[in-house]
Each structure stands twice: as structure tokens, then as C-alpha cells.
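Visitor: Chain A is already provided as a structure; the job is to place chain B on it using the hints.
There are 2 protein chains.
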Amino acid sequence: MDGKRYNRKIYLEDKPRQEAQAEILSAFTISPEREMVPTGGALGRITAQPVFANVSMPHYHASAMDGIAVNAEDTYEAHEQRPLHLKQGQQFVYVDTGNSIPPEFNAVIMIEHIHEVDNETIEIIEPATPWQHIRPIGEDIVQEEMLFPQGHALRPADLGALLAAGVTEVPVAKKPVISIIPTGNELVVSDAGRAPGRIIEFNGTVFANYVREWGGEPALSQIVKDDPDKIKQALLDATETSDIVVINAGSSAGSKDYTVHMIEELGTVFTHGVATRPGKPVILGQINGKIVVGVPGYPVSAYLALEWFVRPLICKYLQIPEPRRQKIEVKLGRRIVSGMGAEDFIRMNIGYVNGQFIANPLTRAAGVTMSLVRADGLLVIPASQLGYEQGETVEVELLKPLEEIKNSIVFSGSHDLTIDLLSSHLKSRETETKIVSSHVGSMAGLLAIRKGEAHVAGIHLLDPQTKEYNVSYVKKMLAGQKVVLYPFLKRKQGWIVAKGNPLGIHNAGDLARQHAEYANRQKGAGTRILFDLLLDETGLDPEQINGYDREMFSHLSVAAEVKGNEKAAGLGIFPAAKAMNLDFIPVADESYDLLMTASFFESRQGNALISVIASETFQADVGRIGGYSVVRGAVPLYF
Amino acid sequence: MDGKRYNRKIYLEDKPRQEAQAEILSAFTISPEREMVPTGGALGRITAQPVFANVSMPHYHASAMDGIAVNAEDTYEAHEQRPLHLKQGQQFVYVDTGNSIPPEFNAVIMIEHIHEVDNETIEIIEPATPWQHIRPIGEDIVQEEMLFPQGHALRPADLGALLAAGVTEVPVAKKPVISIIPTGNELVVSDAGRAPGRIIEFNGTVFANYVREWGGEPALSQIVKDDPDKIKQALLDATETSDIVVINAGSSAGSKDYTVHMIEELGTVFTHGVATRPGKPVILGQINGKIVVGVPGYPVSAYLALEWFVRPLICKYLQIPEPRRQKIEVKLGRRIVSGMGAEDFIRMNIGYVNGQFIANPLTRAAGVTMSLVRADGLLVIPASQLGYEQGETVEVELLKPLEEIKNSIVFSGSHDLTIDLLSSHLKSRETETKIVSSHVGSMAGLLAIRKGEAHVAGIHLLDPQTKEYNVSYVKKMLAGQKVVLYPFLKRKQGWIVAKGNPLGIHNAGDLARQHAEYANRQKGAGTRILFDLLLDETGLDPEQINGYDREMFSHLSVAAEVKGNEKAAGLGIFPAAKAMNLDFIPVADESYDLLMTASFFESRQGNALISVIASETFQADVGRIGGYSVVRGAVPLYF
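Residue numbers (the numbering used here), protein chains in the order written: chain A, 1 to 639; chain B, 1 to 639.
I should point out that these hints are in silico values taken from the structure, not numbers from a laboratory.
It cannot be assumed that every hint is accurate.
Given that identical chains are not distinguished, each listed pair holds provided it fits within a single copy or across any two copies.
[What the hints assert, rightly or not] 35 Å max Cα-Cα, derived DSBU-like pairs, lysine-lysine: (1) 327 x 406; (2) 451 x 327; (3) 567 x 87; (4) 331 x 406; (5) 406 x 15; (6) 327 x 174; (7) 578 x 174; (8) 225 x 87; (9) 523 x 476; (10) 406 x 174; (11) 400 x 327; (12) 490 x 475; (13) 15 x 225; (14) 467 x 451; (15) 331 x 400; (16) 475 x 451; (17) 327 x 316; (18) 174 x 230; (19) 316 x 400; (20) 316 x 225.
Bound conformation, chain A alone (with noise of 0.2 Å):
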């Protein structure tokens, strides 16, 4: 087959990004604005030259303590055996911390060192030296010294010392304005209606937070539609009122996909494509010599596109390095494959358990915000690199603070939507302390826990001969291993079914009956492995199941498809049904437990927890959900 035959498209170049960054950069040439904006208000904002002092700080001689100020010499004669008296008004005289020394007088001696006589005389008893508790003129600021060479962004006490010197008014490097111009026919404002097909424009709202965050002056437009002509105009009008221009989306090389070809008959187009996953599809060029950058229109691979080549050029116009993430070394738990040719951009999970950081790839689609928003690092894996094995140490970046990393636990396992709840009560007791979980099924969490990858896993996991959760699985996977199982839930599991249950679904066989379309759990969840059981107690195939092969990674997942289809149905937690109206018909009450290392089970955190599962309020909470209720009074299993 001549693959060619089908192609009507263009194809993206596979530029390094770092050659795409290099031809912008020297590109950009705006020289940098400067402005004079009041001292007090300057906090964060970048000098745009050196700043000098306007005064010394002290800009007298000053008293650096509460005492008198006396001429050194008059006091040479002063002994414990022979104390001197002085007179005030010509051998001294009172002076507070900070104020001036009259000219006649070089030293202070502390009030506490004085003894008085009477109103006019005192008396001491020990010689005081040239220059003693002085702040002389200059001894913090010198009048015309530099303060802050150009460049320096400023802090709280760097306002202090301009202050000090004079300084009230500061010359700052003007925000770069930074244009942004959502396009696409789909895009809708965030408050109008939702409709299939509609997409909410929040990826506008988002670039100017970044470009705010990295000290630019965001310019966000209208959403223009995707019209060549109304396109080349924004980008025209942008050009005129901002120093770099932003364009979303229309980069790929779609039949809609308008944007290269305005920026090519407008100006010079440097890059259409970077060889990165995600990411690739980069417009760069520059129109009226501004620069116009085209950014993709999935989030991940926009706000990612959006560091990559507008942050550089906000921070050569200030004048300032690009700031860069902290790294760390953490334990690959997963196998990562990559592709050659293209570097990949891959969103980890990091948790510290037993002394050591343990990385998990979320997921890979240019789609997933979240998989951005729950991040504790980015894995960027060179375009030469084939991947990484299971075990091996790799660099990341860090994407959250190494401190709130450490003090996370790591949950893995069973989806439950308690969890969130007993994290929120965790935090608003510990406030350093946060529940990091991934739903990977209870299988996976038990797996975790014999990894050393996780602190806690939720399990529910029926043992088909013995009918009982969880204990048969943990003696067979972790035998020699030292955890502890603690019960936690009881909770019901059901069909989750279009409100009225129009397909009358009460068993496995109404499924293959009413050809329903099944949403099924993935692989190694306990909600899956429960509904495999019941296939096997009515002698059904799981061929006979419609859609047994789709699998979804929640409850939630399940009653959102549910939500969306009549004909379809799932097994899931009462209150997944409850959440989104949906009915629910009532099969197992299920042992949820939470399993652990018997060493987090015994730590400060590993109690935290505990407690607040023990607490009356969080019980409480849990009971107003519905479909479940806390083990009271849980007696912990050891294995």
C-alpha cells in the first residue's frame, strides 16, 4: 500500500526544540521599556539599571543605643576605685537609640552604665572608646553606592534598603505585553451553555496566569473563529499593541488548521513542528517583527509549549535567567517506553516511602489537564532514549515543593470516594501532611505495597472459595512480608442504571439479555474481579457481555458513561449512583480494608491517620454519604 495515497496534509517538521528556541531568542529584539513605579509597590518587579543610594543610611552619626553621648577623652580618668562625675550640657548629654551626636561628642555609653547623681551630674565608672555604640554616617548605605545592578528582581527588604537610601521611586523594566488570541469554532466563554461539541475557552485564561506568574503583562482577546481573514487581522491588530503574540490553536496541519499559513503570508514563519511528545504541533514565526507564537490546542501540550517559547523571550526582555525546576533522583516503578526522534514530556506521580522516591507515569494524553494538575514532576526523556526500565534511577523536575512530596502518603489501590474525604480531614488537622492517591485497582495497590511503592493501598478483593475479603490475598502475595490490614469500610456495591432502570437490570443475565452496554473496571480492580464472579455464579461468558472489554479506572468513570447512555449499565459504589442521579440496584455489602507497611502503620503519620478514621466527626461525614458505614472499633490484622 502506498500510505502516501491517503495523505491530503501537510507534515510537521520534527525541529529539536531547543534549535526552535535558539531562532526565536535571536529573533526577539525588543529592547525592554523602562518605568519609574513607587518604591512600596515595586515587590517582585526586575530593575531595568543599576540603582544607586540617593543617601547614606545612617546620614548622621547615630546613637546606637539609649544612654549619653560623651567626648571618649573626658571619660579616660573613669574607675571602678575612682568613678567620674560629668556634668550634662558640656560633658554630655542624653541621647535614645537612633538619635544624632551633637559634633562635639564621639562615644556612647549605655544608660545602663550610668549611674545619675542629680539632674545635672552622673556619674561612671569605666572609660568609654572612640566611636563605642556609633552607628557612623554610611554604616548600612553609602550615599551613590549601587544597591542593584539591573536585572535583580526585587524583594520585601530589598524595598527597605531603597527606602533607606531615599530611593522612592524605582526604575523597573516594563512588563512585556504578551497578546493572547483564542481561535476555534467549538470554543465557547466559560459561562455560556454547555452543548455537545461546545469546548469552554479556559486555555486563554490560563496562558495569561502564566504569563503573569512570569512577570509579563497578559493581553487576552476575544475567541476569533476559525476565518482566514478574521484570524489574520487579530493577529495584525495583536502585532501592533504587544510585544510578543500568542496563538491558540489551529498549529496542526488540519484542514481547519488556518494559522501557518496567516503567519506565512503575513511574515516569516522559523518552525511548524517540534520533535516532542506532546507538543509537537509549534507554530513559531514573527509578524511587524513581533514574535508570534502558535501553541497546540490540547492544555498539556499548550501550557508546556507556552514554557517553552514565550517564558524565554518574557525573561530576556526582563533581563532576568530563566528560572529552572529543582531536580531530584527517584526509583522508576514502571517500565517507560519512548519513542526515538522526539522528546517525551512525562507527567509523574513521586512518593517517599522507605526513605526513598518512587516515580509512576500518569497518563500521556495531550488531553489529560489533570494529568498536569496532579504532577509532582516532570520526566523528560532525550529524543535519543529509548525509555527507561522498571528499577532504573532517573532525574526529574520537580513540579511541587520537595517538602510537600516527603510528607505526602502515598495511597494507591481501590478507587473510594471516602479517600478524599479522610485526606481533607487529614489536612485540616496535619496541615503538612496530604493523601496522594492513584486508582489503580486493588490488585495494583497490593502489588504496591509488596513494591515498597506505597504507603497505603485500599483493597477490596473477594476470595471466590472462601467468600471473604481481602485476608486470603494478603497471606498468599505478601507472606514474609510485615503489614498490617486494617478494616476500614463497609460499603454496597450495585448496578449503577439510567434513572427508572429502563432496561430492568437486577443480575448479570438482564445484562446479556437486554444487550446492555456494559461499563466495565479495569483489570485487577475488586469491583471487576466481584462482577467476574457473578458472571461465573449465573454460568455466563464474559463474551456475552457487551463491552466487558471497555474498561474505565473509577466509579466515577462508571456512572459518568452511565450518565451519558440509556443502554448502558455498571457495578459500582452506591454513591458514584448517588452523585450523578442515577439508580442504584444493591448486590454485595463489600469489606473495604486499608492495607499497610507495618512501619507507616506505626509512624507519626501512619497514627494521624488512624486517629482521624477514629474520630466521631469523620465517621460522621462518611455516614452522611450514604451506602456506607466505618468499622467501629477496628482491631488491626499483622501479618
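Guide: Then chain B, alone, in the frame of chain A:
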């Protein structure tokens, strides 16, 4: 002697800082108020409660590609050898990325993989698998999913997730209001006239900016005079309108330090004096249920006290952990002495030289704002520790980003005003590189190169025998080390005297005859060595010079001293005299050269430095200062 006899004061407590902190933290029981803010404007705000998704993202099954939507079952026959035709409307519809998939279809085929036969018909040669290229409902976000727990600081990408989830307003913690009351008769607002004894009120502005940076809302009040009733009223007013009250200063134990008595009268004092240097005179109390923090007047003490006692309260209110600074291990370039019984907070310069971090203490004076501004790190010496030896490795908290420290050129030795200019020129060429200089004098600079504590030292050391500059010193003191002496400047040294030279100073003899108050430089400074030589030539003794023992640390300090005193005189460089509008009587033309390690001289940074020095623009800027010329066509001397 009975020391108590002279003591009219109450002594401050020496309460451990951590104990004092724990007390006010447990007394601070104000629950945070919540407010709803538009999501687009919530950058940096802290969620006040868990935030859940209002809608799923996508909220419909969406096409992930441009192409056609099909029913996968209709495509199973397609094969490269047996292309399959599909009819528009019945068997497929065109979809663009983001479009909704009609309910009768369950897969998307990319536009690149279809061939249009005619207007109504397309041809495919490969079957589709169910759900391929479809973003299912909730792929990114599932309705009712918890997006953020409480206490989460919102970042740009988080705002995207909120908007995608239909959360257009977000519940955040109201910013706690922190009243700031500056007190003191000596204080004037920053734009008021200057007079001896008047101090510009700048602490309040700095406090307000710290509070803002930490997430609070500052309320800076007018300056309050040292009057018990006025202070009392200000405290009462502040407790009415704010969550935390900061009062500055009057926190010590002097005769006008009313604050502690006022707090005692109106409420409770928990602490008066913490065991820290600086920062000891702190007051912690409570009035009308509001925590009151009395901070010392000296800037460095004040800022540290604010960080110890106000930041934790703000963090507690917002339910966020206190941010911690990155720590690194450094080698001490000097011995540091610390008394028992109090923690010492030493501001440190840190240089990265020859692959190791070398740290040296800055001044410990609590009144020197610039010591905080200049500090790269903070060394906290526990109360039980007597200090550290030179060469010891200690841990310091970083006050500047690690990258910035790593990229800094450590400049030691003699002070010259062109070094600031050099730093500016360098920074505008290479944003990441800057010069960090400490003015320790030529001899100390030479020693810093010897000990591997600096990259470059500016030296102007006159050999009394040879009358040559620098070379003999380098030969003698750096024998066997690979260093480079780079000829940099010819500059004029001379007498710096009051305008009109009222004392008629033209040589060292005049100083003695006129009983001029001489402003000398510190030991090891090239200018002091020159002065000693001049004395020697004139046959004078140091004792004959008034002020010989008073040491200034820079040319500008000498000039500032002369500026403030008609009877003073000093020896220094022309631009220092010019900057302060003083007279200058030339004495000598001297060579101010740059001494570098050979490895630095040959490094990328070294090259950059030399190429700035050799540039026309830099040499022209130096020429404009006056009294200088850059050595043209300089030939580096290797040793």
C-alpha cells in the same frame, strides 16, 4: 562593683524561639473566613474547602482527531487488498477534533487514513477498533471528582482544570488581615525632609510586602508617636479590624519602650524576649483574642522576627504548610564565634569556587539592611553551639536560588566603583552571570584567591621597595599557584577633602599640622598601604594622625565621612570624591589589576569578563566616570 546598681531596666526573657512560637500558634484560634472568587483571578489563592468537578471533561464522547466517525463493526471487512466503501450519513459522518460522536457511532478513523471516492463515499483499507480516537466522557475530569483538597495553592494549570470542570467561582480562604503599626517619635514618612535624628519609616512598607508575599492582606497604619495613650488606642483599633496585629518598635526594655506595658494592660503578654541574635526584643501577646507581635526596630531583627512569628500564623490561617528554604552544605571560609544560650542568625555570602560552596559571614549588625539584601544564605547556629571553625562544613538556608549562586562570579579584594559597572555590562550580555563582590581590601582579596574562596580579586598593592604594583605580592604570596594577573585600570588616588579644601591639605604633613580628622581604611587595604608609605616618606608616625585607628571599608565610606565633617580628610579615588561633590587633590596614579585563578581566567565566565573589559562600550563608560582609564590591549601575566 555591683553591676545591678547601674541597672534601671527590666531584663528581657531568653525564651527559646520554638517555645515562643508554639505558644502563640496554639493561642491563635481564628477560623479562616471563606470567599468566592472568579476562577480566572484565583492565581495563588488557597482553596478553603475541597473543590469538586461540576461537569465532566469532556462532557460528551469527543473525537480526538480530524476524521470520520464510524461504527467499528461496519469496518471489520476492510483490508488493503479489499478496500471498503462507506456511505456518508448512514455509515459515517465527518468529525473534527473535539466534535461530539453521534450515538450510533463508536470509533473515529483519522482523515489521513481515508480516501474520498466521491462526495458521498469514502474508501478505507483497515478496520477500526471500537472507541479508537475517541475521548470518552470524563477522560480528563469526572463530574463530582475531587479536584483539589482544601489548603491547595492554585497554579495556572489548576485554573484550567477548574474551568474545564465548570467551576467558574472557587471557594478560597480570605486573606488574613495583618495590621502594621509603626511607632516612634524619630520616624518620618519617606518623602518628608531629612534631618539628623529623623529616621525614614520603611519597616512598615517592608512588613506589608512580606505579609503580601506570604498570602496575607496588610493594613499599614499611620506612624504613632511614643505616647502610651496613642499606642493603646492604635492597638485597640487594630484588634477590631484585623486578624493579627504587628507593632514596630518599642519592643525592647528602654524608657520609651511602652509597648509591652500597653499589651499587658489591654491583654496578655506571653513572651518578652526570645533567645536569638539578632531579634531578641520581641513581644508576643494577645488583646481581644487577637495575637499581637511586637517586633524590634532594627530592620534585620524585625524581618527575622516577622518570619518567625507572623508567617506561621498566616500559614495556619490559610491551612498551608510553612514554606521551607532549600538548604545546602557549605565550607566556612572564616571561623564563626557564637555565644551559648541564644540562637545566632548569621547572614552569609556563598560562592561556588572550584566546585565547592564557600561561605563567609557578613556583618552581624542588626541595623544593616544591606546584610540581608546581600546575603546568599542564612546560617542558624543553635543556642547550645559555640560556633564553627574555619574550614568546617555547615548547613545553610538559601536566600537566593541555587542556580544564581552557582552562576555568580565571586569578586573579592579592593573596592572600586567600576566593578559595579563591570557587573552591569556583564549581566546585560549574559543574563545568568553576575558579579558578587565583597569589599575586603587588596590583601584579603589576594588571600581569598590563595584559599580558593574567590574567582577574581581586585588589587592595588604598592611595593615600597620596587615602587611597583601587585607583581611582587603575587610572586611572594601565591608562589606555586596557577594564577593570572590581568592589567585592568590606571586610577588616581588623592586626598578627599571638604569643598574648597578649608584645611589646605596637600600632603600627609598637612594632616598632622591641621589636626585633620583622618578617615583611614581597614588593614590590608591598598589605600592604607599607600597612606602608610606616604607617612613613612614624610617621617610621620601613625600616632600623629588623628583618626588613624578609625577604619572605613570603602572609598565611598571615606567620602561620606568627609562629607559630614569639614575637619575630616581621607585618601581615596577620584570618583568617590566626585560622587559626594568634594574636592580631590591627586597624590598617585596607581595600577588596579585583576588577579584570577588560571582556571577561572580560561573558563567561559572568565572569557566573558575579559571580553566585556575589552569592549569599546565598557571602556567608554569607565572613561566618563573620570579619574580612570582602562588598560588597552592588556596582556595577562601568568604565574
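Visitor: Quick one: which hint numbers does this structure break? Sort them smallest to largest.
Guide: none
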